[in-house]
Structure formats: structure tokens, C-alpha cells
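Going by UniProt numbering, the first residue of the sequence shown is number 1, and it counts up by one from there.
For the record, the hints were derived by calculation from the structure and aren't laboratory data. Cβ atoms here follow ideal geometry from the backbone N, Cα and C, with glycine treated the same way. Treat the hints with care, as some may be off.
Taking lysine-lysine and the DSSO-like style, the derived pairs with C-alpha atoms no more than 27 Å apart in a straight line are [stated by the list, open to error]: (1) K171 / K135; (2) K174 / K546; (3) K243 / K471; (4) K134 / K171; (5) K86 / K135; (6) K338 / K546; (7) K398 / K305; (8) K398 / K338; (9) K388 / K362; (10) K513 / K248; (11) K86 / K252; (12) K414 / K398; (13) K171 / K449; (14) K514 / K398; (15) K86 / K134; (16) K305 / K243; (17) K503 / K187; (18) K541 / K86; (19) K503 / K243; (20) K469 / K243; (21) K398 / K364; (22) K305 / K362; (23) K86 / K513; (24) K503 / K469; (25) K171 / K252; (26) K199 / K135; (27) K252 / K134; (28) K243 / K477; (29) K187 / K243; (30) K468 / K338; (31) K541 / K514; (32) K383 / K398; (33) K248 / K187.
Simulated DEER-style distance windows between Cβ atoms [what the hints assert, rightly or not]: (34) Y555 / A43: 15 to 25 Å; (35) Y555 / A179: 16 to 26 Å; (36) D262 / A540: 22 to 32 Å.
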Amino acid sequence: MKNIRKSIAVCGMAALMLAGQGCKDVLDENIISGVGNDYLNTAKGFEDGVKAAYSSLRFYYATQQGLTMSEFGTDIYATGADGGYKGFHFYDGQLNPTVDYLATTWDELYKGINTCNAIIERAPNVTGIADNVKKLRVAEAKFLRGHYYYILHQQYGGVDLRLTETLLPTKETKRATDAEMYAAIIKDLSEAVTDLEAKAQSSDYGRATKPHAQAILAKVYLAKAYSSEKAADDFTKAADLLKEVSTKYGYKLLDDFAAVFDENNQNHSEVVFAVQYTTDALTNGTGNSLHLYFGMQYDVQPGMKRDTYWGRPFKRLRPTEYLLNTVFADRVNDSRYKKTFRDTWLSNNPGTYNAASFDDSKTKVTFAAGDTTIYIPGYEMTKEERAKKPYQVLVPSKYSEALFPTLQKFFDSKRPDMTYEPGSRDYYVVRLADVYLLLAEALLQSGDKAGAAEALNMVRYRAGWPGKKDKMAIAAKDITMETIIEERARELAGEQTRWLDLKRWGLLVERVKKYNPQASAIQDYHAVRPIPQTQIDRSAKTSDGKSVFPQNPGY
């Protein structure tokens with residue numbers, strides 16, 4: 001958050017974590033902060049503790065580890081040429097309990113949870129804070145705790161459900177059932193909805209408010225509605241929450257889809273809940289690094305070199321044929337293909353080059369500064385057509401793990417130099433278009449196709465080119481779940497939603513096998529991740545030497 005950036009390490013919250021999160025097999029206790037445990041009991045310490053509770057959001061959202069666990073290995077993204085953690089793409093033996101991203105994500109979310117536990121438990125004894133403010137801070141902690149457990153549950157299945165502060169290392173752990181997980185998460189978020197401010201954004205921008213909790217609670221109800229713990233009214237409850245978020249707080253869709261991701265206008269009417277980043281290196285941590293992972297290898301092409309504006313291309317994800325050719329098939333009426341993918345590069349390295357690297361229609365190219373050097377038309381332009389262009393044309397038959405249409409939502413030109421990785425852009429955890437699409441899904445599954453069409457068409461109308469918007473409307477009779485599935489891919493590509501969407505719908509295996517040949521090894525058990533081996537090893541043992549914390553089947 002702009003005004004609550006700095007996180008603190010409090011002994012009782014960070015140093016004395018539960019065994020699976022904070023100690024070796026031998027329970028060493030190491031003080032990692034000069035801040036005493038009693039600091040949290042003071043008015044200043046309590047407020048700082050609440051600020052610290054938000055910091056774990058930055059570990060999962062807008063980072064490589066969070067992106068790896070939410071977009072890799074789906075129907076819309078396959079692996080690029082570079083990088084590790086490809087087991088998350090391939091669902092092969094590389095995806096195993098010893099992968100560090102599994103453990104670090106687990107550990108960081110539990111740090112956030114234990115901070116929230118401390119805030120909630122200690123609040124009654126903290127003096128010097130008005131009761132109404134204290135109530136609000138506890139509600140923020142419940143929002144965060146429910147949010148963290150929602151991520152853990154969706155990624156790992158039932159986890160160790162700790163709702164009281166852990167002050168000392170312990171090996172006493174157990175896996176909660178799905179029913180217990182949903183009950184605890186829904187209770188936390190429901191209580192947060194009751195006690196948070198009923199306004200679009202807090203005056204201290206970045207703090208949770210009522211619609212933020214409503215949106216996450218709706219996601220929980222939708223996940224539950226497809227699960228073995230489903231109740232008859234889950235879809236209706238989700239729809240009611242989403243209707244309130246979309247109508248009661250003044251959120252509005254921007255007129256232009258591209259404007260949603262304008263790095264010069266990050267706090268706008270479509271943002272429901274965002275994780276805050278900053279240009280201050282002292283408080284930005286690893287920053288928003290999503291600008292790194294979707295770029296193609298432009299920087300070795302004739303007329304180009306790497307710079308801050310065009311980005312540092314780590315080539316971690318490339319779009320699948322399904323995403324490009326089915327999801328984004330309509331480029332006449334729908335503006336989102338053009339506004340989602342970068343298709344043109346301008347020369348920052350002028351000169352004459354003897355050979356083009358991927359366009360066989362020419363053997364020599366010459367560029368002045370600012371000339372087009374690369375163009376991706378999105379269709380198979382003929383060699384004769386390409387020969388007429390003074391630049392390289394990248395056609396689909398030449399796409400590769402290094403060369404592909406580049407997602408441009410997250411580019412960050414405000415980094416101090418071209419090698420600097422921590423970005424300063426805020427990350428939108430929930431935006432209004434997502435709310436409308438979730439609402440359309442909940443209404444469709446509740447039998448209200450007319451309501452689903454109305455919500456869906458809010459998003460589609462905005463996406464239409466000028467003069468084509470009316471052609472974007474879909475009639476209620478034509479809406480199916482496939483409509484929702486494709487629309488979420490079109491609107492939210494790359495925004496850390498796809499893996500969780502596919503899991504929620506129970507379609508992860510089916511759609512990945514159908515649309516992502518790289519991931520043909522995927523099996524039903526991949527709908528949850530491996531439990532980190534560190535958690536299993538550091539839990540107590542049964543009489544026969546086995547951990548009391550069992551691994552997920554299949555791993």
C-alpha cells in the first residue's frame with residue numbers, strides 16, 4: 001500500500017513460527033528481529049502488525065513464484081525458451097515435494113496467517129486505540145487470513161488450519177478436511193464483510209474494505225460450489241455478493257481495455273483490490289516482476305537491442321495456439337487481441353543488417369531510429385506480402401519458444417535501468433471486469449441466463465472496437481459455460497487466474513490435455529500441488545515413523 005508499505009518482523013509473529021514454517025528438524029529458536037514480542041501489544045506495534053500482515057500478498061501476487069503457480073501449465077500458456085520450474089508446465093517428475101517454490105509459498109503465507117492470528121488474539125488487550133479502529137483492524141486481519149487460507153487450500157488441498165497465534169516451534173500439525181477449510185475461510189471473510197468499511201477504497205489506499213472481502217468471499221463460494229462440499233445455494237450466495245460489488249460502490253469499467261493497464265494511471269475506477277508496489281527500493285521487496293516473463297526475444301533481432309522501454313525478455317510463458325486462434329479469433333469486432341499483445345517493435349539500434357533471422361522474404365534490412373523492425377500480423381502473411389515490408393514480419397508458422405506475440409499488460413518503463421528487475425506497478429488482485437465475469441458464471445449456474453448475459457455483455461461491450469460494440473453482445477440463449485471459459489481467457493490472460501479457474505471448474509486435466517500438448521502428462525491428482533517436503537519432515541511422526549502430515553496422493 002502507498003501508505004502502509006513497510007513490513008516489520010515481530011518476534012512473536014516472524015521468528016517463532018510453527019515448525020513447518022520456521023525451524024529445522026532440531027527446533028532451534030533464532031531471534032531474527034530486534035523488535036520485542038511485547039511490541040505488538042502497544043498501540044504503535046499493533047498498527048504496524050496489521051501493516052505487516054499485508055506483506056505476504058506481495059509474495060504471491062505479481063511475482064515469479066505466484067505466476068508459476070497460477071498461469072504455468074494451463075490451456076492458454078505454454079513454456080517459453082528460458083527459465084526453470086518447468087515441471088509446473090509439464091506436470092512431470094520436476095513437479096515434486098522438494099521444489100522450493102512450493103515450500104517458500106507455503107512458508108510465506110503461513111507467516112501472514114500467524115501475523116493475523118496474533119492481531120486477532122491480542123487486540124482485546126491493546127490500549128491506546130479507539131474501539132472502532134481496533135474492530136476495523138481485526139476485520140482486515142480476518143480478510144487477510146481468509147484470503148491466505150483460500151490460496152493455500154486451492155493450491156494444496158486441506159492444510160494445517162491454525163486459527164490461534166503460534167508462539168513457539170511445534171511439530172504438532174494436522175491436515176484439515178475440505179469442509180473445515182471452507183468453514184474457516186467463509187467465517188473469516190463473512191466477519192470481515194460485516195466489519196470493514198462499506199466503501200470502494202479506504203482513505204488509506206490499499207487497506208481492505210467491504211467490497212474487497214465480498215469479492216474474495218464470492219470466489220470462495222464459487223470454488224465450493226463445484227467441490228464435494230457444495231451446497232445448493234453456493235452459486236446464489238456468490239451472485240449476491242458480486243452484484244453488490246458491481247453496483248453499490250461506484251466502480252466503473254474504463255472505456256478502453258488498454259487503459260486498464262496504463263502504468264501512468266494505476267488507481268482508477270475499475271480497480272477493486274490491488275497489491276501496492278513502489279519505486280522505493282527500501283520498501284518494495286522483490287517488486288512487481290511480471291514485466292519480465294511474457295516477453296519474446298526481440299533484443300537479438302536486427303535493429304533492436306534491449307532497453308528499459310521494450311523490457312527484459314525472460315521468455316517464461318508463450319501463448320498456446322488455443323489462446324491465439326480460438327480465444328482471440330475475433331479481431332474484427334473485439335479489440336482485446338490488439339490491446340493484449342505487443343505486435344510492433346521500433347528500432348533502437350539503427351543500421352543495416354545483412355540477414356533477417358526469421359523472415360525469409362528478405363536478406364538485408366536497414367533501419368533508422370524509430371523505424372518498425374518487427375511486426376506480428378497475427379496471420380500467415382504470404383512471402384510476397386512480407387517482401388514488400390521494410391521490416392521483419394513474424395508469422396504464426398515461425399512462432400517458437402523464443403518468438404511469439406508478447407503480452408503487454410505488465411510492462412514497466414519506469415524501472416531505473418534495463419537490468420533492474422523489481423517493478424513498481426500495482427497488481428490488480430480483483431478488478432471490475434473479473435467481478436462481472438464471475439457474476440455471469442454464478443448467474444448462469446443458478447439458472448439465470450438473462451442475468452448472466454447482462455453481466456457478460458458489460459465486459460464484451462467495453463472490449464468492442466468503436467462502431468463495433470453492438471456486435472459484441474451475446475444473446476442469453478447462446479451463453480454456455482464454454483462462453484464463460486473463453487471470455488475469462490480473453491479478458492484475464494496472464495492475470496494469475498487461469499490455473500485456479502480450471503481447477504474450480506474441474507476442467508484442468510481435460511482442457512490442458514486438449515489444448516496444451518506440452519502438458520500431456522497431466523493427471524487428475526495434479527489438481528493440487530505436492531505438500532512441501534519440509535512440512536512433512538518437520539511434523540511429528542507416528543509410531544511407525546511416518547509423518548502425521550500426509551502427502552497428497554500421486555506425489
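Against the structure, the hints come out as follows:
1. Under the criterion of a C-alpha separation no larger than 27 Å, the hint pairing K171 with K135 is inconsistent with the structure, at around 33 Å.
2. Proposed proximity of K174 and K546 is supported: the alpha carbons are some 13 Å apart, at most 27 Å.
3. Distance restraint check for K243 and K471: the Cα-Cα separation of roughly 25 Å lies within the 27 Å cut-off, and the hinted pair is therefore satisfied.
4. Restraint check for K134 and K171: the C-alpha separation of about 32 Å exceeds 27 Å, so the hint is violated.
5. Taking the CA atoms of K86 and K135, the gap is near 44 Å; set against the 27 Å cutoff, the hint is violated.
6. Distance hint between K338 and K546 is unfulfilled; the C-alpha atoms sit about 54 Å from each other, more than 27 Å.
7. Restraint check: the Cα-Cα separation between K398 and K305 comes to about 21 Å, which is no more than 27 Å; the hinted pair holds.
8. Restraint check: the Cα-Cα separation between K398 and K338 comes to about 19 Å, which is no more than 27 Å; the hinted pair holds.
9. Of the supplied pair hints, the one linking K388 and K362 holds, its CA atoms being roughly 9 Å apart against a limit of 27 Å.
10. Under the criterion of a C-alpha separation no larger than 27 Å, the hint pairing K513 with K248 is inconsistent with the structure, at around 41 Å.
11. Our distance criterion of 27 Å between C-alpha atoms is broken by K86 and K252, whose separation comes to about 38 Å.
12. Proposed proximity of K414 and K398 is contradicted: the alpha carbons are some 32 Å apart, above 27 Å.
13. At most 27 Å may separate the alpha-carbon atoms for a hinted pair to count; K171 and K449 exceed this at roughly 50 Å.
14. Restraint check for K514 and K398: the C-alpha separation of about 22 Å stays at or below 27 Å, so the hint holds.
15. Pair hint K86 plus K134 does not hold up; C-alpha atoms about 45 Å apart against a cutoff of 27 Å.
16. Taken as a hint, the K305 and K243 pair is broken in the structure, with Cα atoms around 48 Å apart against an allowance of 27 Å.
17. Between K503 and K187 the alpha-carbon distance is near 23 Å, which keeps this suggested pair within the 27 Å criterion.
18. Between K541 and K86 the alpha-carbon distance is near 32 Å, which puts this suggested pair outside the 27 Å criterion.
19. Between K503 and K243 the alpha-carbon distance is near 24 Å, which keeps this suggested pair within the 27 Å criterion.
20. Taken as a hint, the K469 and K243 pair is honoured in the structure, with Cα atoms around 23 Å apart against an allowance of 27 Å.
21. Taking the CA atoms of K398 and K364, the gap is near 18 Å; set against the 27 Å cutoff, the hint holds.
22. The straight-line distance between the Cα atoms of K305 and K362 is roughly 20 Å, inside the 27 Å bound, and the hint therefore holds.
23. Proposed proximity of K86 and K513 is supported: the alpha carbons are some 16 Å apart, at most 27 Å.
24. As the CA atoms of K503 and K469 are separated by approximately 32 Å, the hinted pair breaks the 27 Å bound.
25. For the suggested pair K171 and K252, the alpha carbons sit about 49 Å apart, so the restraint of at most 27 Å is broken.
26. Between K199 and K135, the direct Cα distance comes to roughly 16 Å. Compliance with the 27 Å bound is thereby established for this hinted pair.
27. For a cut-off of 27 Å, the pair hint linking K252 to K134 is broken: about 31 Å separates their Cα positions.
28. As the CA atoms of K243 and K477 are separated by approximately 21 Å, the hinted pair is consistent with the 27 Å bound.
29. Note on K187 and K243: the hinted pairing holds, with a Cα-Cα distance of about 20 Å set against a maximum of 27 Å.
30. Taking the CA atoms of K468 and K338, the gap is near 15 Å; set against the 27 Å cutoff, the hint holds.
31. In summary, the hint linking K541 to K514 is not supported, as the alpha carbons are separated by about 41 Å, beyond the 27 Å threshold.
32. About 12 Å separates the Cα atoms of K383 and K398, which keeps this hinted pair within 27 Å; it holds.
33. For the given pair, K248 sits about 23 Å from K187 by alpha-carbon distance, which is consistent with the 27 Å threshold.
34. Here the CB-CB span from Y555 to A43 is close to 46 Å, at odds with the stated 15 to 25 Å.
35. Checking the proposed 16 to 26 Å range against Y555 and A179 shows it holds: the Cβ atoms sit about 23 Å from each other.
36. Our hint of 22 to 32 Å for D262 and A540 is violated, since their Cβ atoms are close to 52 Å apart.
Hints 1, 4, 5, 6, 10, 11, 12, 13, 15, 16, 18, 24, 25, 27, 31, 34, 36 from the list above are not met by this structure, while the remaining hints are.
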